[in-house]
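J.: As a plain string of letters, each chain reads:
There are 2 protein chains.
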Amino acid sequence: MQVIVNISLKEGVLDPQGLAIARSLNDLGFQEVDGIRVGKRIVLEVDETDEARLHQRVAKMCETLLSNTVIEDYDIDIPDGQ
Amino acid sequence: MQVIVNISLKEGVLDPQGLAIARSLNDLGFQEVDGIRVGKRIVLEVDETDEARLHQRVAKMCETLLSNTVIEDYDIDIPDGQ
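Chain order of the listed sequences is A and B.
Here the first sequence is numbered in the numbering used here, starting from 6 and rising by one per residue.
Here the second sequence is numbered in the numbering used here, starting from 6 and rising by one per residue.
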């Protein structure tokens, strides 16, 4: 099944990449941009059909490797209709 | 308003970062992982209340700076209830 994991910096953690992009957009004439936060979107193909177990295993992957839980949050989305 | 832009590599474009993560997960005992694609998730705060114009401006930002349209696709999501 397909699983989407969104990794984002926790609130309060400085995001220099987001700041740089926001400033560049302002400089390019997009003055309406007030702020940007950049995260990762990881799409996994996992050979597991039980949704509860899938969620549990992917959470373990996030804690183990995919996210740095000191400064990042993750959320797990299993799209319907697979 | 808040806008979420998902940037992903086009199908067929090699994703070495995804391959490396998938292999690492396999090595860590997550044998059920068949494949991974890594993209960016950019959350923008934009000072614009008209949803049609917002979409149009953010599409322009994607074409101009946020994505490399030769190898990347983007999609724009304006969450409801703002």
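FYI, nobody ran anything at the bench for these hints, they're computed from the structure.
Don't take each hint at face value.
You can't tell identical chains apart in this list, so a pair holds if it fits in one copy or across any two.
Claimed, not checked - Simulated pairs of lysine-lysine, DSSO-like, Cα-Cα distance not exceeding 30 Å: (1) Lys-45 / Lys-65; (2) Lys-15 / Lys-65; (3) Lys-15 / Lys-45.
J.: Within a copy, between copies, both or neither: where do Lys-15 and Lys-65 come within 30 Å Cα-Cα?
T.: both (19 Å within a copy, 28 Å between copies)
J.: I want to check one pair: Lys-45 and Lys-65. Are their C-alpha atoms no more than 30 Å apart within a copy, between two copies, both, or neither?
T.: both (17 Å within a copy, 21 Å between copies)
J.: Could you place Lys-15 and Lys-45 in one of the four classes (within, between, both, neither) given a Cα distance threshold of 30 Å?
T.: Both: 13 Å inside a chain and 16 Å across chains, each within 30 Å.
The structure is consistent with each of the numbered hints, conforming to all of them.
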